[in-house]
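Q: The residues making up each chain are set out below.
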Amino acid sequence: MSDLICENYPMVLVMSRFGIALGFGEKNIGEVCRQNGIDPCTFLTVVNFLTEEVSAPMTNIDKCLSIEALITYLHNAHSYFLDFRLPHIRRKLTEAISGCPKDVAFIITKFFDEYAAEVHKHMAYEEKTVFPYVRGLLKGIKDPKYNITIFQKHHDQIEMKIIELKNILIKYYPGPGSNLLNSVLFDIFATEQDLASHNHVEDYLFVPAILALEQTLQ
Amino acid sequence: MPMSSFVNIAIAEPSAIIRSGFEAVLKRLPGLRVQLFEIATVELLQETLRLHKPDMLIVNPSLLGCYTLPLLKEETGCTEMKCIALLYTVTDPILLRLYDDQINIYDSPDEIRNKLERLHTPPAEEIENEEQQTLSAREKEIVVCVVKGMTNREIADRLFLSTHTVVTHRRNIARKLQIHSASGLTVYAIVNKLVELNDIKL
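So the sequences go chain by chain: A and B. Heads up: the first sequence begins at 40 in our numbering, then just goes up one per residue. Heads up: the second sequence begins at 5 in our numbering, then just goes up one per residue.
Next comes chain A alone, as it looks inside the complex (with noise of 0.2 Å):
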């Protein structure tokens, strides 16, 4: 489990997602797993779905892939999004802005508020909307005025608004550099691509296995 984040660490945040803490030893991927109540094909389809860096929809999902794991891995990627990174850039944000014009301060704060908005906005229907129909699913209980194609065709790209953010702040902020902005920068590079992987993963490969399921029950 170690060689794995060590090889390639954003791993850290998907096995945080999967609720494993660190401290595991020298235990392998799936004695870690098992030892955490975690289903290990799930655990590694998102793992190796994140490492091979797939450009089309999976088509061979494995059988073994616990659909409720990878909901629950869905759930906890955003909660930490809304409730730990967006806040932490926030406030980080907030300070390495303090120096430059009051009116700047503002906006650039305001434009971030509403880019939080937006994020919650596009997670909260995941949550409200399209979790509860695949549990539906899980059940056996096809919602008939919902289908996952709905999902598939309305699922916007999040990080489009955070690069427009990175763009303003590299091209046009006024005061004065400082290591706690640029360090925001870095924040936002990284949050910009987790959201993308985070999106990739509901593109290609949740909504492929919701198809697949929603398959064997018509």
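Mixed in with the good hints, there may be bad ones.
Said to hold, decoys possible - 16 Å max Cα-Cα, derived EDC-like pairs, lysine to aspartate or glutamate:
1. Lys-192/A x Glu-51/B
2. Lys-192/A x Glu-241/A
3. Lys-66/A x Asp-42/A
4. Lys-77/B x Glu-121/B
5. Lys-197/B x Asp-142/A
6. Lys-160/A x Asp-122/A
7. Lys-149/A x Glu-200/B
8. Lys-141/A x Asp-104/B
9. Lys-31/B x Glu-92/A
10. Lys-160/A x Glu-198/A
11. Lys-192/A x Asp-242/A
12. Lys-57/B x Asp-42/A
13. Lys-197/B x Glu-143/B
14. Lys-31/B x Glu-121/B
Since the hints were derived computationally from the structure, they do not count as laboratory data.
Chain A is already provided as a structure; the job is to place chain B on it using the hints.
A: Chain B only, in chain A's frame:
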């Protein structure tokens, strides 16, 4: 740099080795930013095209089976899509006449780049203002109006322009600044002192 714009390319090719190899070559081409969609079977072809509407399709003609290109373009709504045949061997030119171009697996990266560049024509206006990325005085005026919450109609009346011209200006502004949302423009305008906080509706 006409090629620095984004290109969506779908590659329909049964061999995973060729697909991955092609992706590796594309990634190394300078000035070309590609989003690649891999398609392994004819069943996935339609679906992927319909969903992603790529600018170009690079396809192994043998994968198409009984499909013809015009039919495929029409059924998937990709009428503008350029099609390039991906060839392993010498092929009868008659079979290739519906393709916009062809790439042989022995083509050098430079040859591939030239072919892609030739087919990927960015809109005319992009070429004109290539090196000019700063806003003109007129464009700045328009930014100020947008930020104040005016509609295109209102902006047109205020500046004695047609709404069509306003729309064109707005498109150019978005492209030059890489800012597409009104709230992003607000930040731009405040940071660059085009407006004061009191001037704008928040």
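Q: Can you give the numbers of the hints that this structure goes against, from lowest to highest?
A: 4, 8 and 12
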